[in-house]
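*Asks:* Mind docking chains E and X on chain B? Use the hints.
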Amino acid sequence: MNIIESAGLGKRYRRTWALRDCTLGIPGGHVVAVVGPNGAGKTTMLQMAVGLITPTAGRVTVLGGEPAGSPDALDRIAFVAQDAPLYKNLPAGDMLRVARSLNRRWDQPYAEARLGDLDIPLTRKVGKLSGGQKAQLALTIGLARRPDLLVLDEPLAMLDPLARHDFMASVMAAVAEEGVSVVLSSHVLAELERVADYLIVLSRGRVQMAGDVDDLLAGHRVLTGPAAETDEQARRMRVVQCRRAGAQSHLLVRITTPADPVPPGWEANRVGLEELVLAYLRQPGASALPGPAALRAHPATVWADPAAAAAGHETAGHGIGMQAWPR
Amino acid sequence: MSQPGQTIPASPIEFRLDPSSGVPTYLQLVQQVEHALRLGYLKPGDQLPTVKGTVAALAINPNTVLKAYRELEHRGLAAGRPGQGTFVEGTLGHMGLPELAALRRTLLTWLGTADAAGLDEAGIVALFTSALRDFGERRGEHPDSGTGRIASPGRRGPDDQAEGVA
Amino acid sequence: MTTMTTPTAPAASAARRRPVPWTKLAWVTWRQHRLALAGVVALLGVLGLYMLIMGLKMRSTLSSLGLDSCHPVTIARCSTQLEIFHGAYYSRAQTLSGVLQVVPVLIGVFTGGPLLARELETGTFRFAWTQGCGRLRWTVAKIALIAAAVTGAAAAFSLLFSWYYQPFFAARTDSVLAPQLFDLRGVAFAAWTLAAFAIAVFAGAVIRRVVPAMAAALAAWTGLDLATVLFLRGHYETPVVATSVPGGNGSPLPWVLNQWWTGPDGHVASPDQVRNVLQGGFVPRVPVRVKGHKDIQPVLQWLAQHHFTQWFSYHPASRYWPFQAIEGGWLLALAVILGVATVWLVRRRAA
Chain B
0 MNIIESAGLG
10 KRYRRTWALR
20 DCTLGIPGGH
30 VVAVVGPNGA
40 GKTTMLQMAV
50 GLITPTAGRV
60 TVLGGEPAGS
70 PDALDRIAFV
80 AQDAPLYKNL
90 PAGDMLRVAR
100 SLNRRWDQPY
110 AEARLGDLDI
120 PLTRKVGKLS
130 GGQKAQLALT
140 IGLARRPDLL
150 VLDEPLAMLD
160 PLARHDFMAS
170 VMAAVAEEGV
180 SVVLSSHVLA
190 ELERVADYLI
200 VLSRGRVQMA
210 GDVDDLLAGH
220 RVLTGPAAET
230 DEQARRMRVV
240 QCRRAGAQSH
250 LLVRITTPAD
260 PVPPGWEANR
270 VGLEELVLAY
280 LRQPGASALP
290 GPAALRAHPA
300 TVWADPAAAA
310 AGHETAGHGI
320 GMQAWPR
Chain E
0 MSQPGQTIPA
10 SPIEFRLDPS
20 SGVPTYLQLV
30 QQVEHALRLG
40 YLKPGDQLPT
50 VKGTVAALAI
60 NPNTVLKAYR
70 ELEHRGLAAG
80 RPGQGTFVEG
90 TLGHMGLPEL
100 AALRRTLLTW
110 LGTADAAGLD
120 EAGIVALFTS
130 ALRDFGERRG
140 EHPDSGTGRI
150 ASPGRRGPDD
160 QAEGVA
Chain X
0 MTTMTTPTAP
10 AASAARRRPV
20 PWTKLAWVTW
30 RQHRLALAGV
40 VALLGVLGLY
50 MLIMGLKMRS
60 TLSSLGLDSC
70 HPVTIARCST
80 QLEIFHGAYY
90 SRAQTLSGVL
100 QVVPVLIGVF
110 TGGPLLAREL
120 ETGTFRFAWT
130 QGCGRLRWTV
140 AKIALIAAAV
150 TGAAAAFSLL
160 FSWYYQPFFA
170 ARTDSVLAPQ
180 LFDLRGVAFA
190 AWTLAAFAIA
200 VFAGAVIRRV
210 VPAMAAALAA
220 WTGLDLATVL
230 FLRGHYETPV
240 VATSVPGGNG
250 SPLPWVLNQW
260 WTGPDGHVAS
270 PDQVRNVLQG
280 GFVPRVPVRV
290 KGHKDIQPVL
300 QWLAQHHFTQ
310 WFSYHPASRY
320 WPFQAIEGGW
330 LLALAVILGV
340 ATVWLVRRRA
350 A
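Line order of the protein sequences matches chains B, E and X.
The first sequence begins at 0 in numbering that gives the first Met the number 0 and counts up by one.
The second sequence begins at 0 in numbering that gives the first Met the number 0 and counts up by one.
The third sequence begins at 0 in numbering that gives the first Met the number 0 and counts up by one.
Hints should not be assumed to be uniformly reliable.
[Stated by the list, open to error] In the DSS-like style, the derived pairs of lysine-lysine whose C-alpha atoms are separated by at most 25 Å in a straight line are:
1. 87(B) <-> 127(B)
2. 124(B) <-> 87(B)
3. 124(B) <-> 23(X)
4. 87(B) <-> 23(X)
Hints are computed from structural coordinates only; laboratory data are not their basis.
Just so you know, these numbers come straight off a predicted model, no measurement behind them.
Pulled out of the complex, with its shape left as it was, chain B reads as follows (with noise of 0.2 Å):
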């Protein structure tokens, strides 16, 4: 089942399109990190997933073909906005109060267990709670609502370390105790890094990549070689970043399967999932998306738009195209 699913979703203010042409198909029980440098569409597009935002094109489904925003979506999707909003002046126990009183699933118990555990007393008002135990007690209230789906935007920006160390952990131990899928959004790749098996990169309101994260890794590798042979390899290969100096060049190619031959005399290593990433961002023509295969896998789509069918993706093996956006 698709956690989310959207075709040509896309969200215009004013005269600048914030996202557009979103296309995607994000598979469930994972836990599917979102980046992008600040502004390339990632809260708009969270936010559309969840139901705060309308979108001016396209459309968005979640949970297997529920209207985003619908009551039943509403039901089992938590959402933690940037910065946690939640009421300053309520202390934490009615903060819960609040939340259980507003949702149909609720699990009390939990709830208080958690804060006990976070050593956050219900009686402090959340104003006076740190960055981190108010982004604790955010995901607590998101968590005990028993959801299907997480969904959590930006969530690491205004913590310590610390904090963050412990909410991500807090986040992992209830994906392996619950099963919940989680969606996240950074604008720091690395922070996600170590909790990410499904990736999407937005650059400038479009996706850049999105998949599996081993199959984006595996699916790539940097060819390090004499820079003399570097314009007849590059012919050959589908290469996403060229890095040239005098006598050695590294060329980050795109492959069908790890057994592709290496060129003689060139080392092959893999790549680093930001090194990948900085690559595609760095070359706003590149992208590596889903074909239509894999987002045929999920059975819950049908897709209306014939653009999305058509534009020209390659199939790869494990379910990975390259198309060149024009620029």
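*Replies:* For chains E and X alone, coordinates are given in the frame of chain B:
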């Protein structure tokens, strides 16, 4: 995240993470288990750290831990018991002591030759690593996703990451 | 080892179909706005206490002056005592009714302004509108519950005011239709409070910032109030135009909108013309102060002799309840329209 007064984890070992090592997280966990086995921290029948506990301590994706435990199962080193956890099963294969001694002697001879040729320690390591990789590829086995690490299904060999030849 | 699965709880899906009950939403509304509601209670409580004390004092003064035995209280033999009574209490009552003019807008703006605007301004709507109960139910509950609370409190308060002011109506001091008394009594006070609330809530939804929304609502309500008092209310029905007004012999005072003179030719006489006629031969005797009013009878007689007719346009006191109904009616309609518009705005608000 264990504090005094809380229940001691059931596993004899705890995982740690080296984010800068370049080795994928799940492989680090596999290596730590094998290392612990080798050094005697773990014995057959011991429980491996729970997924939840590991994830809460290291803030990593549970799938990573599951992947590591699947790999250990694949290598015959661990087995999952439903509802209870993952437990150590087999042992790392042993070579006989005389065989090990013979291999060591050959290696020392080779090292002498390399040293005489002017190769320093880092050069020896680089040469050994690339030869190891070629060897694995020539044998037709898939290079695992990792720098120079070769997993051989059906073979229980000693840990073959070049750790320094001293 | 199995891969992660997403658990589905069968019992939970049944729970989902039942919408979030209103009692829970009521608690949330109360908890979030209890400070504002307490402020309303405090304000009305203080003023109400004052009216209660003064009202009791007035009534005890009435009986100690012996005005209890005057039926009606305006009869001639009681006029001196009535004069004393007025001297003691009337100016305070006028001050009070002046102060009370702003109570509806204060209540409405301070309860309604922050209702949506604070959530929109601080971003907590991103929490509230993604909870299971949904933004529409949440908004409707908040608006309806607080509207009911402030309207009810205002209605009770205006009853207390009517009781307080009763002696002056009995003494025919003021008309029940008098502008600054009309909207403190009947249904008007509650209706103006409700309208202020609705305007403030709507302003909050549009402007999305608390203080500007409150300011805008204050301005809008004040404009509406002035327009009604100065212009609109007088035209709820066609005013009666006559050469004399009822009252003066113990019957309730009318609300006189306008008075003018017509000259011998039947046309409206300007004040200059009237002055000319008077200066042409009228010799005023020393004005005698009777009952605190100058004796204007000689002036009227002189003008009448010269074929000047005085005309009045007024509304009789009997139109009090019809006017209350009209004013209450359109204010209610306005509040409902603004409420619906607010909910519609919330529905399509794109963050």
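*Asks:* Honestly, which of those hints from before does the structure not fit?
*Replies:* Violated hints: none; all satisfied.
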